Every structure is written in structure tokens, then in C-alpha cells.
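Participant: Protein sequence lines correspond, in order, to chains V and G. The first sequence begins at 1 in the working numbering and counts up by one. The second sequence begins at 155 in the working numbering and counts up by one.
It should be emphasised that the hints constitute simulated quantities derived from the structure, not laboratory data. Among the hints, erroneous ones may be present.
Said to hold, decoys possible - The list that follows gives simulated cross-link-like pairs (lysine-lysine, PhoX-like), each with its CA atoms no further than 20 Å apart:
1) Lys109/V to Lys261/G
2) Lys158/G to Lys232/G
3) Lys232/G to Lys157/G
4) Lys261/G to Lys106/V
5) Lys232/G to Lys257/G
6) Lys261/G to Lys157/G
This one's a predicted model, so the numbers in the text were calculated from it and none came from an experiment.
Residue strings, one per chain:
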Amino acid sequence: MSMAEQIITATEEIFSTMIMLEATPGEPGAPPKGPFRNSVTGMVGMAGQVRGLLAIHLTEEAAKSVTGSFLGMDVAEIDDDVRDAIGELANMLAGSIKMMLTDNGKDIKLSIPSAISGAEYTIDNLAEAESTSVPFTLPAGTFTVELQLEHPAG
Amino acid sequence: MGKKVLIVDDSNTMRKIVSRSLRQAGLDFDEILEAGDGQEGLAVLGANQVDLVLSDINMPNMGGLDFLRAKAQDDAIKGIPVVMISTETGSDIIGEAMSLGAKGAIKKPFTPEAINETIAPLL
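All chains should be modelled from the sequences, with the hints used to inform the complete structure.
Facilitator: Listed below in C-alpha cells is the structure:
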């Protein structure tokens with residue numbers, strides 16, 4: 001399974017199981033260079049047999065929509081709850097992709113998820129990493145899932 | 155049902171989602187208690203009569219595996235069943251959790267049905 005297919009499989013599983021929003025994948029490509037504007041990003045690092053980074057970048061509208069569906073409530077602004085939800089979303093994506101990278105995710109450790117938001121920010125990429133991203137469209141906005149792997153397996 | 159459950163997870167969002175999923179699964183607990191890491195979880199168990207614990211694994215301060223180790227050392231709380239809820243469902247990690255006394259594991263993402271299937275037999 002390619003990195004793009006891993007991203008799509010993991011994303012569709014999470015959105016259909018827990019978020020109940022249809023996320024339509026677009027064409028895989030190079031990761032967005034940024035700067036990200038009026039966005040929210042959730043990130044989880046991978047260490048061990050495979051080292052890398054999983055990031056999900058959402059427009060503010062998409063982040064509010066995803067958080068609202070996640071929690072079953074209306075979300076009016078980007079706050080700690082939204083950043084926490086997007087961090088947890090990154091965590092679940094990384095957990096699902098980890099299981100596809102090695103035998104049952106063996107020998108890969110995930111970092112505690114983090115999330116940032118703001119009017120304009122950039123994120124440094126890993127050096128020497130193979131990177132792929134997949135854009136998705138929601139009824140309320142767009143998001144991109146990005147995977148960087150320094151030593152991809154399989 | 156008249157029972158209390160403790161949810162241990164560093165994500166406030168995930169604690170809310172697990173609470174909602176318990177209700178959606180038809181598991182009507184009298185009280186849902188929350189803790190942000192294993193250390194807080196031990197404090198809650200020491201101060202309350204809890205029937206079941208649902209715990210994340212990957213948490214700051216004290217993670218789920220260390221929480222299980224510490225709980226096993228305390229005679230007053232070591233018999234309370236714990237189910238792990240985590241993205242960390244690799245066989246080595248879950249195997250370690252089960253060897254430390256966990257009674258089951260639920261993979262994130264999860265459905266209310268998956269919650270019910272694992273938890274109902276423990277109540």
C-alpha cells in the first residue's frame with residue numbers, strides 16, 4: 001500500500017466511524033509548503049523502526065465542523081477544545097497508519113499529539129524524509145493529511 | 155445500573171467522546187468521573203468507589219501502562235477492572251497491558267457498539 005493509500009484508508013475509517021462526515025479525497029501530491037493561513041494543524045511524531053511525522057492541516061471552518069461533529073455540539077470559534085480535538089484526530093490517524101507501516105505497528109512509538117492554530121504560521125519539514133499529502137474536501141471546508149517518513153518500510 | 159466509571163485520557167475531547175459513546179452504547183452509568191493522566195486516575199480511584207476504568211495508554215506524566223503497574227500495587231483498588239482505549243493497539247503494547255491486568259482493549263477510532271461489546275461483560 002502506498003503512503004497516499006495509507007492516508008486515505010486511515011482518514012476514511014476515522015471520518016466514517018467517529019466523525020460522521022464524508023471526507024472526499026483529492027489527488028495526492030507534495031506536502032503543502034505554507035505558510036498556513038487561518039488554519040489549525042494537528043501533529044504526531046513517530047520514532048523507532050520508522051521515524052516520521054503525521055500532520056493534518058484544516059481550514060478554520062473545516063476544523064470547527066470536524067470538532068462539532070466529533071463532540072456532537074456547535075463550535076463557534078477556534079479554542080482549546082478545537083485544538084485538542086484536532087490533536088486527537090492526528091493521534092488516531094498516526095495510530096492507524098502506524099499499524100500499516102510495520103507488523104502491527106511493532107517498534108514504532110508515537111509522540112503525544114500537539115496542535116497549533118493561527119492567522120499565519122509555518123511548519124518545518126523533516127530533513128531527508130519521503131513526503132506525501134492528500135487533500136480532502138468536506139461540506140464545510142478542506143483539509144490536508146501529510147505523512148513524512150525518514151525510513152519508510154514496506 | 156448504579157455504577158461509576160472513570161475515564162483516564164489527557165485529551166478533554168476524547169473524554170467527552172468516550173462519555174457520549176457510553177451513553178450511545180446504552181451503558182447508563184450513575185456517574186462518569188474523569189482524570190487527565192494515570193496519576194490523577196489513581197487519586198480518583200483512591201477517593202471514590204469506581205466500578206470500571208477506561209484508560210488511554212499514551213499520556214504525559216503517567217501513561218496507561220504505568221497506571222496499571224501502580225494500581226496493581228494498591229490492594230484497595232487493584233481489583234477494579236481496566237479497559238484500555240487507545241490508538242496503541244499493536245500486539246506488543248496491548249499484550250503488556252493485559253499482562254499488567256487490563257481486562258480488554260478498544261481501538262481508536264471506535265463505535266458505541268465496540269464499546270458495548272467490550273465493556274458490558276465486565277459490569
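Participant: Against each hint, give a clear statement of whether it holds in the structure.
Facilitator: Now the hints, each set against the structure:
Among the hinted pairs, Lys109/V with Lys261/G is consistent with the structure: their alpha-carbon atoms are about 16 Å apart, no more than 20 Å. For the hint pairing Lys158/G with Lys232/G, the CA-to-CA distance comes to about 16 Å; that is within 20 Å, so the pair holds. Of the supplied pair hints, the one linking Lys232/G and Lys157/G holds, its CA atoms being roughly 17 Å apart against a limit of 20 Å. For the hint linking Lys261/G to Lys106/V, the alpha-carbon distance of about 15 Å falls within 20 Å, and the restraint holds.
This hinted pair checks out: Lys232/G and Lys257/G have alpha carbons roughly 12 Å apart, not beyond 20 Å. Between Lys261/G and Lys157/G the CA atoms are separated by roughly 24 Å; this puts the pair beyond 20 Å, and the hint is violated.
Consistency with the previously given hints fails for number 6 only.
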